[in-house]
Amino acid sequence: MVSELSDIAGATASPAQGGAAPRDEAAQHRPADHDPAAALRRKWRSRLYRWDVKGSPYAFVSPFFLFFVAFGLFPLIYTGWSSFYRVELTNLDAREFVGFHNYTRLFQDEFFWNALRNTFTIGVISTVPQLLMALGLAHLLNYRLRGSTFFRVAMLVPYATSVAAAALVFTLMFGTDYGMINWALGHLGFGHTDWRAGTWSSQIAVSSIVIWRWTGYNTLIYLAAMQAVPSDLYESAALDGASRWQQFRHVTVPMLRPTILFTIVVSTIGATQLFGEPYLFGGTGGEKGGSAHQFQTLGLYLYEQGWTNYHLGRASAIAWTMFLLLLLIAAVNGLAARWLRKSQ
Amino acid sequence: MGTTTKSHRHRSRRTAAVALAAVAALGASLLAGCSSDSGNTSSPGSSGGKGKTTITVGTFGVFGYKQAGLYDEYEKAHPNITIKENVIERNDTYYPQLLTHLAAGSGLSDIQAIEVGNINEVVTTQAAKFEDLSKASGVDKSNFLPWKWAQATTADNKTVALGTDIGPMAICYRTDLFKKAGLPTDRTKVGALWAGDWSKYIAAGKTYKKSAPTGTTFMDSAAGLYQAVSNSYSERYYDSSGNVVYKTSPSVKTAWNLAMEASTSGLTGKLKLFDKAWDQAFANGKFASLPCPSWMLGYIQEKSGDSGKGKWDVAAAPKPANWGGSFIGVPSAGKNKAEAVKLAAWLTAPEQQAKVFAKQASFPSAPGAYDLPAVKDAKHAYFNNAPIGEIFASAAKSIPTLVIGPKDQQIYTAITDVGILQVEQQGKTPAQGWAAAVKEINNALDQ
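Keeping their order, the protein sequence lines are chains A and B.
Letter 7 of the first sequence, counting from 1, is numbered 1027 in the numbering used here, and no numbers are missing.
Letter 173 of the second sequence, counting from 1, is numbered 174 in the numbering used here, and no numbers are missing.
Hints are computed from structural coordinates only; laboratory data are not their basis.
Virtual Cβ for every residue (Gly too), placed ideally from N, Cα, C.
Don't take every hint at face value.
Just the calculated beta-carbon pair ranges, DEER-fashion [stated by the list, open to error]:
id, chain 1, residue 1, chain 2, residue 2, range
1, B, Lys-67, A, Gly-1206, 41 to 47 Å
2, B, Pro-214, A, Leu-1344, 53 to 59 Å
3, B, Val-245, A, Ser-1363, 25 to 31 Å
4, B, Ser-143, A, Ile-1201, 43 to 49 Å
5, A, Trp-1220, B, Ala-151, 48 to 54 Å
6, B, Ser-107, A, Leu-1348, 46 to 52 Å
7, B, Lys-211, A, Phe-1295, 46 to 52 Å
8, A, Trp-1220, B, Glu-74, 46 to 52 Å
9, A, Tyr-1163, B, Thr-94, 45 to 51 Å
10, A, Leu-1344, B, Glu-74, 18 to 24 Å
Full structure from sequences and hints, please.
The structure is reproduced here in structure tokens:
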């Protein structure tokens, strides 16, 4: 792999020199040839061969990069450019440059801060229980079980369910008058909760959809990592008299550290971009995230500004702020990882 | 993930294979799920084979043209034309897409529908991108209600779209609940209860409440009442010169106060319109009445189901008002403009509007249709055979010419979904609800 990479790296260098290289090499060969036609053919063949060797890897990887440029990089840059303008979806031609105004206004925008706060709290109450449960479930699945394949596939089913289906079912379950959860709570003697109207209740409801969908996915990742832990570690721990719990705490968890960090990073990114679950939980006009925006995440606020109020410039600025936030989070995670490695 | 393969256990390979197969199958079904959505947006404006011209019609929700057999009829009369409809379910997804297509000048259908909440914005900002239909052959201005025609016409007399339906309002009520609460059930007597004054509607609600069947309320929501009252004026969120005046406009103030009175007196079911809980309340007969524009009858029938058959009836509203309705226009970037204009003119002619009404209860914006038997004699079996043609036509004739503005929809949503809902569902005071709505509107209007 390493040598291939350096080949590619070498190949990148020559086109940068302006396509002069092949011509020079051809010139060196010319005096040795006697039959001009055969020489020409040979020259072409070797040229084609060289192009093939140098060019093919690019051709093979190009689909991804072409798609990335079209659907990843271009929107990113275009959004960044738009964020410096006052531009309305209703009149895209009338742009007006406003500098950093779309960013600075976010500091005074209470709707933005509310969305940021909601994104954070929903992120915490969905990610923390989710990862803890995933760890526990992975530990259980790591035992020799009857029908372990069934359980593993079952774990992945929620992940493969579409957000829309999951959110619709959960919205029905959290219904005020006819919801299953209120019905069950009613049997336990609790009054009816209007889940969507309250701040905490709505955020818990949204988080429960996220937890339901993603716990299995993380479980399988943990399970994969657990199966890579050498069994002699457990054996020696057992010989030293460690209980199951101690084995879990002092062997499994430390061995899983990189994986745990990975799932935290992925879950954090997912939580920052949370959109579908609260949007669908909100019902009609779900982008408001409730009448007091009590479960409006940054993703929903972006959508509301862009596609309900048609302020594309403001929406772009929110999008880029989210992107910068994610970079910040990634940096913090990187630092944490480095610190963990050092402390080991 | 690659570490799974390190497992030495016997079954692991099969496990992995099964898991992979399961994931692949589910993944495939997800992709299939996605791709079925894209049926909405297939090749607009393309020409069909065999020299036929395909006219595409982009709509949201159910316009009823296909259901009323109008496309078939037109294709039969014009053998070289085929018509294809691209439907998007909800206008809040449809309209932003229309705007982006207009800006790009591609992806447009030959005919595009526009909802009344967006028509002013289209007229003020997108008029250059639509064909002028005022002078097109087959279009007769006198066929349309003057206010409907004016809503889709620019200051320099360019008509960008033709009116399809309007939403004259009545009050739909449940005779069984009215009877139990000691109110009259006959539709003329019911209409007389509150004729001419919305506050009499609330007074009737207070009478209802005194002996209301348990678990029911007089009306569904304060938001529906707010919408009905505010629309029965000629000025609402904008004045005629385009200034935002909702803070001082008498219609908004009256409507807000009445809605708040209804809500704080316990006359409303505190529901959000078009929400799941609203649907469930229809099915379970939880409220006795609601202001209903003509197009809502189908919705009520669907959600109330068989158990509500014969229990609903329709009475005249206190004041005539319009709620909803649409237009169709021909984008200039379309491929078959000439044919599309002809089709649009034909679809909005009184005869065709009457046919749509007979099928879909979308009320015609062409008064010429009101005297056609399909409208004049129309009765609705589900609603106790109420003479809906007569009720809605008499409302339609005296609907005030309402000034509409570009951001009507955002202002309306902020007042109902933020202001009113905070009072109804979160226990805020009316003053707090109003303050929240104003803040919301300021944020929505600020570019």
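How the hints compare with the structure:
no., hint, result
1, Lys-67(B) - Gly-1206(A): 41 to 47 Å, "holds, 45 Å"
2, Pro-214(B) - Leu-1344(A): 53 to 59 Å, "holds, 57 Å"
3, Val-245(B) - Ser-1363(A): 25 to 31 Å, "violated, 60 Å"
4, Ser-143(B) - Ile-1201(A): 43 to 49 Å, "violated, 58 Å"
5, Trp-1220(A) - Ala-151(B): 48 to 54 Å, "holds, 49 Å"
6, Ser-107(B) - Leu-1348(A): 46 to 52 Å, "violated, 39 Å"
7, Lys-211(B) - Phe-1295(A): 46 to 52 Å, "holds, 47 Å"
8, Trp-1220(A) - Glu-74(B): 46 to 52 Å, "violated, 57 Å"
9, Tyr-1163(A) - Thr-94(B): 45 to 51 Å, "holds, 48 Å"
10, Leu-1344(A) - Glu-74(B): 18 to 24 Å, "violated, 57 Å"
Going down the numbered hints, you'll see the structure goes against 3, 4, 6, 8, 10, while the others check out.
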